[in-house]
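Enquirer: The residues making up each chain are set out below.
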Amino acid sequence: MSGDSSESKTIFSPALAARFDRLVGLYPVRRSALIPMLLYAQDEIGCISDEAVAEIARRIQITELDVRNVISYYSLLHTEPHGKFHVQVCTNISCMLRGGNELFEHCKRRLGVGNKETTPDKLFSLEEVECIGACSWAPAVQVNYDFHENLTPESMDRVLDDYRARS
Amino acid sequence: MADLVSHPDEVKLLSFRFGKGAASIEKYLELGGYASARKAIELGADGIVAEMKASNLRGRGGAGFPTGMKWSFVPKQSAKPKYVLVNGDESEPGTCKDRLIFEHDPHSVIEGVIIAGLAIGSRMGFIYLRGEYRYLLKIMERAIEEAYAKGFLGRNIFGSGLDFEVVSHTGAGAYEVGEESALMESLEGKRGIPRIRPPFPAVVGLYGGPTIINNAETIATVPHIFRIGGAEYAKLGTERNGGTRLFCLSGKLERPGVYELPMGYNLKKMIYEVGGGIPGGRKLKAVVPGGSSTPVLLPEEIDIGMDFDQVGKAGSMLGSGGVVVLDDTVCMVEFALRTMKFYRHESCGWCIPCREGTDWLEKTLTRFHAGGGQARDIDNIRYLAENMMGRTFCPLGDAAAMPTIAFVKKFRKEFEDHLNGAPCPYAHHREAALATV
Numbered sequence: 008m009s010g011d012s013s014e015s016k017t018i019f020s021p022a023l024a025a026r027f028d029r030l031v032g033l034y035p036v037r038r039s040a041l042i043p044m045l046l047y048a049q050d051e052i053g054c055i056s057d058e059a060v061a062e063i064a065r066r067i068q069i070t071e072l073d074v075r076n077v078i079s080y081y082s083l084l085h086t087e088p089h090g091k092f093h094v095q096v097c098t099n100i101s102c103m104l105r106g107g108n109e110l111f112e113h114c115k116r117r118l119g120v121g122n123k124e125t126t127p128d129k130l131f132s133l134e135e136v137e138c139i140g141a142c143s144w145a146p147a148v149q150v151n152y153d154f155h156e157n158l159t160p161e162s163m164d165r166v167l168d169d170y171r172a173r174s
Numbered sequence: 503m504a505d506l507v508s509h510p511d512e513v514k515l516l517s518f519r520f521g522k523g524a525a526s527i528e529k530y531l532e533l534g535g536y537a538s539a540r541k542a543i544e545l546g547a548d549g550i551v552a553e554m555k556a557s558n559l560r561g562r563g564g565a566g567f568p569t570g571m572k573w574s575f576v577p578k579q580s581a582k583p584k585y586v587l588v589n590g591d592e593s594e595p596g597t598c599k600d601r602l603i604f605e606h607d608p609h610s611v612i613e614g615v616i617i618a619g620l621a622i623g624s625r626m627g628f629i630y631l632r633g634e635y636r637y638l639l640k641i642m643e644r645a646i647e648e649a650y651a652k653g654f655l656g657r658n659i660f661g662s663g664l665d666f667e668v669v670s671h672t673g674a675g676a677y678e679v680g681e682e683s684a685l686m687e688s689l690e691g692k693r694g695i696p697r698i699r700p701p702f703p704a705v706v707g708l709y710g711g712p713t714i715i716n717n718a719e720t721i722a723t724v725p726h727i728f729r730i731g732g733a734e735y736a737k738l739g740t741e742r743n744g745g746t747r748l749f750c751l752s753g754k755l756e757r758p759g760v761y762e763l764p765m766g767y768n769l770k771k772m773i774y775e776v777g778g779g780i781p782g783g784r785k786l787k788a789v790v791p792g793g794s795s796t797p798v799l800l801p802e803e804i805d806i807g808m809d810f811d812q813v814g815k816a817g818s819m820l821g822s823g824g825v826v827v828l829d830d831t832v833c834m835v836e837f838a839l840r841t842m843k844f845y846r847h848e849s850c851g852w853c854i855p856c857r858e859g860t861d862w863l864e865k866t867l868t869r870f871h872a873g874g875g876q877a878r879d880i881d882n883i884r885y886l887a888e889n890m891m892g893r894t895f896c897p898l899g900d901a902a903a904m905p906t907i908a909f910v911k912k913f914r915k916e917f918e919d920h921l922n923g924a925p926c927p928y929a930h931h932r933e934a935a936l937a938t939v
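Chains G and A supply the protein sequences, listed in that same order. Counting along the first sequence from 1, when you hit position 109 you're at 116 in the numbering used here, and nothing is skipped either side. Counting along the second sequence from 1, when you hit position 55 you're at 557 in the numbering used here, and nothing is skipped either side.
The hints are simulated quantities; they were obtained by calculation from the structure and are not laboratory data. Treat the hints loosely; a few may be bogus.
[To be verified] The calculated SDA-like cross-link candidates involving lysine to any residue, where the alpha carbons are at most 20 Å apart (straight line), are:
#1 A/Lys-692 / G/Thr-17
#2 A/Lys-640 / G/Asp-50
#3 A/Lys-640 / G/Arg-26
#4 A/Lys-640 / A/Lys-737
#5 A/Lys-692 / G/Tyr-47
#6 A/Lys-692 / G/Glu-71
#7 A/Lys-692 / G/Leu-84
#8 A/Lys-640 / G/Ala-61
#9 A/Lys-640 / G/Tyr-47
#10 A/Lys-640 / G/Glu-71
#11 A/Lys-692 / G/Val-60
I would like the entire structure built from these sequences, with the hints used as guidance.
Expert: Written out as C-alpha cells, the structure reads:
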C-alpha cells in the first residue's frame, strides 16, 4: 500500500519513516496525515527543509506547492531552524494580567535576542506567542513542547539555566 | 502538569477522576469507566439521543447549542460514512479546561466519542488536539491503544457486533481551526479556511459525510450523563442549562484555577469566594465572562448566574468558560489592543471584513494607546467593529468585534483619557506594551 515511499529513499529516521507509512493509511484520505507529518518531520530535523517538503509531498501524493500552502498557514510550522530550545512566551490577556509582557521583556534581556530571533550559539530562540492554554497558571511559557507556569523573572532564569545545563 | 485546585462549592462530576491516575485504563475501569458505553449500546441510537436531550447539555465550546438536538440533525440514512469529530483545539484566550480533561481523564473523551458514534450510526471518530498540546497527544494516543487492547475500540466493540475506530490527531497552531468548518478543513490536511454553510456539517461534513463536531468538554461530559441519567444531570444546573461546567478563572485573582461548578453559579461569588477575590486590596474593574471574544462586564453587572441564558441577558456570552478578571490597575485601552492583536494574528484572511477590520483596529488601537489618538478615533473604532459584525464567513469576525464594541461603550472615559498625547494613566504597563507592539 505505502510500500513505494518506504522503499524509496527517505531523509527521515527509520522509526519516523515507518510512522509515516502508518499515518497515511490511518485516515479515509491520505492528505489528512499531512499536518501531523509536517510537525513530526520538523521535530526530527529542526525545521521543514526543502527535502522534507519534497518527500512529504511524494508520500501524500500532492504537489510541493500544496504542502507549502499548508505550512504557511500554521503558526507552529517553520522552514528555518529555531534554537535548540524555542522559548515561547505567552502575552495574551490572562498572561498579560499576571506579568506576561514583563516576562517577555525579561527573556529578551536575558537571552540578548528579540522576538523571533536566535542566540548566536543556536541554543535559544525566542518568540512572543498567543494563548497556549495555561490561563489559570499564568504567566506561562512553552519551551519546545514543555509548559512552564506561574513564572516570575527569577523562576524563568532557573528554567533557562536548566535548559542551558541540559545542552 | 497544571495544578489542580478545589473549592467546597464545586460539584465534581466531570472532574471526579482528576488527580486519580485515571489516564490508565485500569484505574478508569475501577472508577466506573466504560459502563456508560455499555449502557448506550443497550439503549440504541434513539435512546441515546433521548437521554442527551433530557440532560439539557449545551455545547461547552462557546455557542451553547443543545448537544442532543445537534446529534438528532444527522440523517439516519447516508450513502457516505458518518463521523464524530472532537474539537480539542482549545485556544480561546482565557480557556484552559480541555487540557485538564485530556491529561487526567482521556478515556472519558474516548467513551464520549463511542457514545456519540452509536447515536448517529458512525464507525469512526477523530480527536483533534491543538499542536501545542503534544504531551496530551501522547496521553491520548496511549489511552486509545489501551481501549483497542481491551476490545472497546476496533471490531465488535464490547462484543456488540459493532465496529468503531478512533484516531487522535494533532493540529499545528491556529485559533481559527477551533471553528468547526475550519477544523474539518484542517483535519483534511488543508489550510484552516472556514466553509460556507449551509450545508451544515450534520449533513455534509468531514470527507463529505454527515459529521457531528463537539467540544472536548462536551464529549467528556457524555459518559457522566449516562452514569447518573439525563434527568439527574439536568437537575444539577438551571432551566435549559443542564449540569456543571469547568470554569477557568484567570487574571487578577487570589486563587485562579479551573473549578467545576453548577451551571447558573453566581459570577460574583465565583470571583470573590471561589477565586478568592482580588489580590492586594485592589478594586474590581471588569470581567470577561467567557473567553476573550465575549463582551466585558462591569462590576455592577456581575451579580448573575453563569448559564447561557442569564449571561446572554446581561449582554454578554457564557462562551468557553474562561472567566478573566481585571482590577483597577489594568488599562482598558491596552487590554482592548491586546485582544485585537490576537484576532488580527489569527484571522485567516479569507474574508475582507475580518482581515481588514482586525488589521485596522489593531493599528488604530496601537496608535491610540501610544498617545497618538484623536477624538474621532473612538467612534471610528466602534464603527469599524460594528461593521464587521455578521459580515464574515465564520464567527472569528464577530469574536473580534463584540468585545471591542463593549470596551468602547463601557469604558469610553478611559479612551478619552488617552487623548491629546496624554500619557497612559496606567503608565507602568505602557512601557512593556509599547515594546511588544
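Enquirer: Next, verify each hint and record whether it holds.
Expert: Hints versus structure:
Between A/Lys-692 and G/Thr-17, the direct Cα distance comes to roughly 24 Å. Violation of the 20 Å bound is thereby established for this hinted pair. Restraint check for A/Lys-640 and G/Asp-50: the C-alpha separation of about 14 Å stays at or below 20 Å, so the hint holds. For the suggested pair A/Lys-640 and G/Arg-26, the alpha carbons sit about 14 Å apart, so the restraint of at most 20 Å is met. With a C-alpha separation of about 36 Å, the suggested pair A/Lys-640 and A/Lys-737 falls outside the 20 Å cut-off, and the hint is violated.
For the given pair, A/Lys-692 sits about 17 Å from G/Tyr-47 by alpha-carbon distance, which is consistent with the 20 Å threshold. Between the alpha carbons of A/Lys-692 and G/Glu-71 the distance comes to roughly 13 Å, so the proposed pair stays at or under 20 Å and holds. A hinted pair counts as satisfied when its Cα atoms are at most 20 Å apart, and A/Lys-692 with G/Leu-84 qualifies at roughly 13 Å. Between A/Lys-640 and G/Ala-61 the CA atoms are separated by roughly 27 Å; this puts the pair beyond 20 Å, and the hint is violated.
Between A/Lys-640 and G/Tyr-47 the alpha-carbon distance is near 13 Å, which keeps this suggested pair within the 20 Å criterion. Proximity of A/Lys-640 to G/Glu-71 is assessed by CA-CA distance (about 29 Å); at most 20 Å being required, the pair is judged violated. A threshold of 20 Å between alpha carbons decides the hint, and for A/Lys-692 with G/Val-60 the separation of about 15 Å falls inside it, so the pair holds.
The structure is inconsistent with the numbered hints 1, 4, 8 and 10, although it conforms to all the rest.
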